Structures are given as C-alpha cells and as structure tokens.
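There are 2 protein chains.
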Amino acid sequence: MAVTIKDVAKKANVAPSTVSRVISDNPRISDATKKRVRKAMKELGYHPNVNARNLAIRSSQAIGVIMPSSAETSLQNPFFPEVLRGIGSMALETEYSLYVSTGGDETQSFEEVKRMVFGNRVDGIILLYSRRDDPIMNFLIKEEFPFVVVGKPYKKESQITYVDNDNILASKKITEHLISLGHKRIAYLGGTTDLVVTMDRLDGYKQALEAANIPINDKFIIHDEFLRSSGRKAVEKLFALNEPPTAIVVADDLMSLGVMNMLEELGIECPEDVSITSFNNLYLSELTRPSLTTVDIQIYNLGIQSAKALIERLKSKTEPVKRVIVPFEIKYRNSTKKIDQ
Amino acid sequence: MAVTIKDVAKKANVAPSTVSRVISDNPRISDATKKRVRKAMKELGYHPNVNARNLAIRSSQAIGVIMPSSAETSLQNPFFPEVLRGIGSMALETEYSLYVSTGGDETQSFEEVKRMVFGNRVDGIILLYSRRDDPIMNFLIKEEFPFVVVGKPYKKESQITYVDNDNILASKKITEHLISLGHKRIAYLGGTTDLVVTMDRLDGYKQALEAANIPINDKFIIHDEFLRSSGRKAVEKLFALNEPPTAIVVADDLMSLGVMNMLEELGIECPEDVSITSFNNLYLSELTRPSLTTVDIQIYNLGIQSAKALIERLKSKTEPVKRVIVPFEIKYRNSTKKIDQ
Chain A
1 MAVTIKDVAK KANVAPSTVS RVISDNPRIS DATKKRVRKA MKELGYHPNV
51 NARNLAIRSS QAIGVIMPSS AETSLQNPFF PEVLRGIGSM ALETEYSLYV
101 STGGDETQSF EEVKRMVFGN RVDGIILLYS RRDDPIMNFL IKEEFPFVVV
151 GKPYKKESQI TYVDNDNILA SKKITEHLIS LGHKRIAYLG GTTDLVVTMD
201 RLDGYKQALE AANIPINDKF IIHDEFLRSS GRKAVEKLFA LNEPPTAIVV
251 ADDLMSLGVM NMLEELGIEC PEDVSITSFN NLYLSELTRP SLTTVDIQIY
301 NLGIQSAKAL IERLKSKTEP VKRVIVPFEI KYRNSTKKID Q
Chain B
1 MAVTIKDVAK KANVAPSTVS RVISDNPRIS DATKKRVRKA MKELGYHPNV
51 NARNLAIRSS QAIGVIMPSS AETSLQNPFF PEVLRGIGSM ALETEYSLYV
101 STGGDETQSF EEVKRMVFGN RVDGIILLYS RRDDPIMNFL IKEEFPFVVV
151 GKPYKKESQI TYVDNDNILA SKKITEHLIS LGHKRIAYLG GTTDLVVTMD
201 RLDGYKQALE AANIPINDKF IIHDEFLRSS GRKAVEKLFA LNEPPTAIVV
251 ADDLMSLGVM NMLEELGIEC PEDVSITSFN NLYLSELTRP SLTTVDIQIY
301 NLGIQSAKAL IERLKSKTEP VKRVIVPFEI KYRNSTKKID Q
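Protein chains in written order, with full-length UniProt numbering: chain A, 1 to 341; chain B, 1 to 341.
Rather than coming from a laboratory, the hints here were simulated on the basis of the structure.
The list cannot tell twin chains apart, which means a pair is met if one copy fits it or any two copies do.
Here are the simulated DSSO-like pairs of lysine-lysine, each with C-alpha atoms no more than 27 angstroms apart in a straight line:
#	residue 1	residue 2
1	Lys-35	Lys-114
2	Lys-337	Lys-173
3	Lys-308	Lys-114
4	Lys-315	Lys-114
5	Lys-172	Lys-155
6	Lys-114	Lys-6
7	Lys-6	Lys-142
8	Lys-11	Lys-34
9	Lys-11	Lys-142
10	Lys-206	Lys-184
11	Lys-142	Lys-42
Source: prediction; values computed, not measured.
Chain A with its partners taken away, still in its complex shape (with noise of 0.2 angstroms):
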C-alpha cells in the first residue's frame, strides 16, 4: 500500500491540510512544524506526488517540444534530433524535461498541444517549425501560453519570439555562387510550401536569379517534404525536361542525398553535369561524394538559443519578446562546378 498524506499527518499529528502546506512550502507553517512533518514523511517514505504540488505551485517543469510531424517521420532528418541536442542540453542546465510530440497531422498534434497546454503538462512550447496559417501557433497565441518559434512566423507577429536564421540571405548567397561559375539553368528544391522556410530560401533564389537577369522557370521549381525520397523524385522530374538543369540549389541535405543517390543511378555525374548546393551542414553533407557545399545553419545552436528564450520568459513574464537571429555560413565543398561555356 502506498503510503499517504494522512498516514503523514497521523503521524506527525497534524491535519492532512498541514501537511500538504508543508509539502508546498507555505510559509505560515512554522519551521519546528515543518521539520516534524518532514521527519516523519522521510520516516515512512512518503513521496509528495508531483502532480498535486503542481496543482499548488502551477509548474511541470517540463517543456513541450513540436515537430513538423510524426516523430517517426520528422527524426528521419537528422535536423531534428540535433536541435532537440541543443535544446536538451539547455533543458539539462535548467532542469527541465522535455515532452516531445508524436503527432502524424496537424489535427493529433494539435490535440497534443491542448493536452499539454490545458494539462499543465508543460511550462512552455517551442515549435520546430512555421507554417503558414498554424492552428496551433493561433492557439498558443489566444491563451497567452508561453511559445517560442524555430523558424520565422508567417505573419509578423510582433509579440512572438523567434530563432531563426537570415534563410532568404543565405539562399541568395549560395544561388550567387553557382550564378558565379555560370550557371543560368538552376533549379530550386525545397519544403512544401506551406513551410516559411521553403518560401524564404525560394525568395533568396528569385532575388539571386533576378538580380542576373535570368528568367525564373516554374518548371525548375519542385516542392516535396524534406526527405531523401523527395530529392530522387525530384531529379526524375527535372531530367525528364527538354532542357534539364545544370545546377540546383536543395534545401535541405536529406534531400541532397537522394538528389546524388539518383543522380548516380541515372548516369549523371555531380558536379562534372550538375551541380548541387544544399542547406544545413549535417554531418552527412561531409561524407557524400563529392562532399556538398552546403549552408552551415548552425542546428544544435537555435536549439540551445530557442530554449534559452523560452526559458528567460517562463523565468520572467515581463521578458521582452525577442528575435534571435543565428548567423549562417557556407561550407564550400566539391559538390560545385564552373560550367563549361
């Protein structure tokens, strides 16, 4: 039999109630009752159950953390478990845990979320994503539940905190640089287009080819999940063209991967044919051959930063809403080419 509040209280010959106020550390209860009551819950193993000092004192001490989706697909790219690296390790210093979403669609992550929210099941959330029209972001909005934001809100939100890094910038860069060795045929792959970041590296590739006078080609345009599968549909579909492309800007390197993995099954080598840019330097990006030039985003440090905000604001309610903007850089590899004119 577990042992009980009342137990307690028999023990220590006080009420029930005083024994609960021990447990939330009330202040009217003197230090001698205090002792006593501990003394004798120590004495017969008593543990306070969390659950009812969480009633009193309104904390979990756990943070939510939202993927994109299912945690059996999302933690297919390698993204996820390096941010969740950098927000558990923040979480470890603070002592918080984490409760990580399973949700497949948006309909069970959002009953997830309310779970969470009106369970008091967590302190705060961060999502790993932003999309367009969220429901839930609407949601953590409206109750005013402390949220913050890997990626940029759709609308510019002013009161949302967000980490983040300049995507339409480092999309132009990385598109300049294959503009720079001559391509002009350039294709762009990216998320679904519901994903702010799928439309913010797109707008840095328009801007690079804009500002060169090349004309934009909807058929070089492909949006797929950010999946390897993805990436070899995607080269179907593009060397299937009349005229293919020379080059083609990925954003993400999961997708890279199966870019290069059909690539090699079609015959076409990379980068003496095509070449391939991607997004966010996983580790897997050094090991492809050729090695990809890729933009290094700095996964494991927007986890550490998007906790630290999270947390800054759980600590202080009257923190001030911020934008963190982790800087970006190119890794220059083999995976490039100048093209012969």
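Take the given structure of chain A and dock chain B to it, following the hints.
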C-alpha cells in the same frame, strides 16, 4: 481569468465535487447530470485540468524514455533518434506522449526517473541501455514500476521484459567473416565496459577467435564512448603498436566513421591495409568510402517492440514478462578484404 470547477458547478447547479466526478466519469453520477455538467463545461470553455484528472484516474498517458547519457551526448549517435522514431510511431498509434530524459550523469538521470515515477508523470519507462548494477533499474524493480529495457539486463532477472538482438552471436559471426578472409591480428573496439552490449559483443569476438585457435591479445581490445572521436583515438593507439592489427571489429557505426577518418589521415588504406566491420547499419554506413560491412540490428524495430511490450504491460497487469530477440543481418559491403598472404 481561467474558468474553474466552481464556475462550472454554479452554472450547472451542482456541487463542485459532482463536477469532479463527471470529469473522472464516475458511474455513480446519473447520465442526466453528466450531460448538464458537460454542457456547462462546454459553454464556459472549461477544460478539466489534466493533472487533477490524473490524480483521479492515475494515468499520465505518457512514456518515459531514458537515454544512457545526456541528450546532448546521446543524440550525437543516430542510434537514439532511430530508436525514438520506432517508439514514437507506436506511441502515436496508442495515444501516448513521450517524456525524454535529458540527464547528464547517472545521478541526474536517477533524479529524473524519481520525478517521473513519484510524480505520476509517466505510466511506464523504457531504458535505452543496459548497464551493470544500474541503480535506476534496481529502483524500478523495487518500486514495481512498469519498465522495459532495450538491451539485455545484466543480472538474468527473470522478471524483466527486454528487447535485444543476439549480440554475442552477431559479433561471433562478423568476426568469423574476418577470420575466413585470412585475418589473425583482429582488434576489437567497443563501448564502455559497464554497458552489457559492449561485453556481449566482446564475448562473441572472443568466442570466434578461440574457436579458430587465435590467441587473444589484450592490446587489441579498446573500450570508449560510442562516439566518432573514440574511433579516432583508438586508431592512434592501435597503429602505434609494433604489430598493428589487420582488421578491426568495431561495435558501432559512428565509431567506425571516426576510425575511417583517422586511417585516412594516417595514410592507411581501408580495406587494402586494414579491414573494418561495424555494428548498427545506420544510413551513414552506406555513405562512407568504402561503404561499411556492418550488422543490421534493426534499430527502428527495437523501438517499436520495446514500446509495444511496455504498452501491453500497462494495459494488463497480468501480461507475462517477455524476452524479445530482434533478428540481425550482416550487410556485406566494401570495408573488408582477403588478407595478402
């Protein structure tokens, strides 16, 4: 202001305790009353506090997942996201949430586990490792708290449900493969010696050598963390020997990656100068040059099976204790070569 049980009680014209009973679906409340209270809850936008409800029904609908070291360190090895992916998929299907440990050292993890258990934060726990004399495992046994181990418990406790591969056999088979290629100077690079998986794989390696009458050389056996950096350090040590090995049985793909990097830096060629076999079949094992001959331990499936076993146990206290052995398969690739006589 948040809507409280008292507001609902007032609106529905019942006692607050009746509202609580409706929330916990107490059969002693009439259907008519339930209907009236639920209508009032809906109209007022009241969401029952899940903590309060948990106190009643004693279920958190969450699973605790404990990693062997801090999230920061563990998540560097793709084994953990992959096993989490399997657990997440089963959790989603059965509507459980995941509570992931962040703890750095054993003391921190133990504190987290105690918070999970005494706080009713989780219904059951999955340990993603098996260690000799693990205080956490001993604690869970003592508390009779439902848990499942990914790996083989050290003491052959008959009451522990676990999911594992036959690591002794897998290691014996892959060492025999090297022996069949003519290798005699075969080194073993494993994880830390407190991990059961390390000792099992060492056992299989020794069994294969003994069966082939090859003496065991202690200088050829190295233990370190399952990290890339450990692979690098081990190569430095092994190739400083007067008679370095011609083959290495590495117990982890990420370690193998470090091994290959360092070999390349030292100008030692794989597989020409040294053959390497590995464990886990992470997707990176196909990307290395040469690609790695490695044991596919079906990590995702280990995750699925562990969550399945735990949830079966949570649903039925009389569920029998199980030992689930996930089959392995050796993937023969290009990192081994017949030795020149």
